[in-house]
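Chemist: Going down the list, the protein sequences come from chains Z and X.
Each residue of the first sequence is one higher than the one before, counting from 8 in this note's numbering.
Each residue of the second sequence is one higher than the one before, counting from 1391 in this note's numbering.
Where hints are given, some of them may not hold.
Stated by the list, open to error - Chain Z is faced by these chain X residues, among others (derived, beta-carbon under 7 Å):
1. Val1478
2. Ser1484
3. Gln1490
Said to hold, decoys possible - Just the calculated beta-carbon pair ranges, DEER-fashion:
4. Gly104/Z <-> Gly1452/X: 40 to 46 Å
5. Gly8/Z <-> Gly1452/X: 17 to 23 Å
6. Thr84/Z <-> Ser1458/X: 40 to 46 Å
7. Gly104/Z <-> Arg1499/X: 32 to 38 Å
8. Pro15/Z <-> Arg1412/X: 18 to 24 Å
9. Gly23/Z <-> Val1401/X: 28 to 34 Å
10. Ser1458/X <-> Gly106/Z: 20 to 26 Å
11. Arg1412/X <-> Phe34/Z: 45 to 51 Å
12. Lys48/Z <-> Trp1473/X: 26 to 32 Å
13. Ser74/Z <-> Asn1451/X: 33 to 39 Å
14. Leu67/Z <-> Ser1442/X: 43 to 49 Å
Treat the hints as calculated values from the structure; they're not laboratory data.
C-beta: ideal position from N, C-alpha, C; glycine also.
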Amino acid sequence: GGIITQTPKFLIGQEGQKLTLKCQQNFNHDTMYWYRQDSGKGLRLIYYSITENDLQKGDLSEGYDASREKKSSFSLTVTSAQKNEMAVFLCASSQPGQGPGQLYFGEGSKLTVL
Amino acid sequence: AQSVTQPDARVTVSEGASLQLRCKYSYSGTPYLFWYVQYPRQGLQLLLKYYSGDPVVQGVNGFEAEFSKSNSSFHLRKASVHWSDSAVYFCVLSVNNYAQGLTFGLGTRVSVFP
Chain Z
8 GGIITQTPKF
18 LIGQEGQKLT
28 LKCQQNFNHD
38 TMYWYRQDSG
48 KGLRLIYYSI
58 TENDLQKGDL
68 SEGYDASREK
78 KSSFSLTVTS
88 AQKNEMAVFL
98 CASSQPGQGP
108 GQLYFGEGSK
118 LTVL
Chain X
1391 AQSVTQPDAR
1401 VTVSEGASLQ
1411 LRCKYSYSGT
1421 PYLFWYVQYP
1431 RQGLQLLLKY
1441 YSGDPVVQGV
1451 NGFEAEFSKS
1461 NSSFHLRKAS
1471 VHWSDSAVYF
1481 CVLSVNNYAQ
1491 GLTFGLGTRV
1501 SVFP
């Protein structure tokens, strides 16, 4: 088996601050994802990457940057944190050929902006 | 565009009782359908999946789901719940073979009481 590790688990920032979340996976999966989970809004895709150095925008990419410098890691940056923002960011990975919808998720990083 | 509706935001059930969670989808073609579960302070985990064939699919921990094309539904069932089944359950739709095309429902929070 494998694991997805997200750091930090909790992130507190100030309005306007640039904040970075990191994700590591040891499944050796090609594809990695960042989702945002808001209460009452389900999961929304921010960015995904199908291989090292590839970046693809999801439905919610505005206000975020991503980086995939290694196959095993995928970072997400909130470019300017919004006041009173609160959300959980979930990293996931998958492998083409294992069938659609088979994602493996990390435990999440909870963002609070003061 | 496709969509997923989980009409029940919260469900409360007694331990040992049966459970059914409803899921309706909107898509004109043949979908791939999934149920994911999110236990407290954990990431999402795949519970079961439907690609084609037998409309009743079995998952982990005694869960099963039934696909109905005529009703555009994919309801989740368990015959006898345990307190450890308390979690948030997400119905998920994919219309292609790519994991980045997933549409998540808003989730149903299940609370099991002794």
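Chemist: Regarding threonine 84/Z and serine 1458/X, is the given constraint of 40 to 46 Å on their beta-carbon distance met?
Modeler: holds (43 Å)
Chemist: CB of serine 1458/X to CB of glycine 106/Z, is that within 20 to 26 Å?
Modeler: Once the Cβ atoms are compared, 21 Å apart, the range 20 to 26 Å for glycine 106/Z and serine 1458/X holds.
Chemist: Lying within 32 to 38 Å: is that true of the beta-carbon distance glycine 104/Z to arginine 1499/X?
Modeler: holds (33 Å)
Chemist: Is it true that the C-beta distance of glycine 23/Z to valine 1401/X lies inside 28 to 34 Å, as the hint says?
Modeler: violated (40 Å)
Chemist: At the C-beta level, are arginine 1412/X and phenylalanine 34/Z separated by a distance inside 45 to 51 Å?
Modeler: The hinted range 45 to 51 Å is violated for arginine 1412/X and phenylalanine 34/Z, with Cβ atoms some 32 Å apart.
Chemist: Minimum Cβ distance from serine 1484/X to chain Z below 7 Å?
Modeler: Since the shortest Cβ distance to chain Z is 4 Å, the answer is holds.
Chemist: Do the Cβ positions of lysine 48/Z and tryptophan 1473/X conform to the proposed distance bound of 26 to 32 Å?
Modeler: holds (28 Å)
Chemist: Lying within 18 to 24 Å: is that true of the beta-carbon distance proline 15/Z to arginine 1412/X?
Modeler: violated (36 Å)
Chemist: Could one say that the CB atoms of serine 74/Z and asparagine 1451/X fall in the range 33 to 39 Å?
Modeler: holds (37 Å)
Chemist: Tell me if the interface restraint on valine 1478/X is satisfied: Cβ within less than 7 Å of some Cβ in chain Z.
Modeler: At 10 Å from the nearest chain Z Cβ, valine 1478/X fails the 7 Å test, so the hint is violated.
Chemist: Assuming the hint says 40 to 46 Å, is it satisfied by the Cβ distance from glycine 104/Z to glycine 1452/X or not?
Modeler: For glycine 104/Z and glycine 1452/X the Cβ distance comes to about 29 Å; the hint is violated.
Chemist: Between glycine 8/Z and glycine 1452/X, does the beta-carbon spacing fit 17 to 23 Å?
Modeler: At roughly 21 Å between Cβ atoms, glycine 1452/X and glycine 8/Z fall inside 17 to 23 Å, so the hint holds.
Going through the hint list in order, the structure does not satisfy hints 1, 4, 8, 9, 11 and 14.
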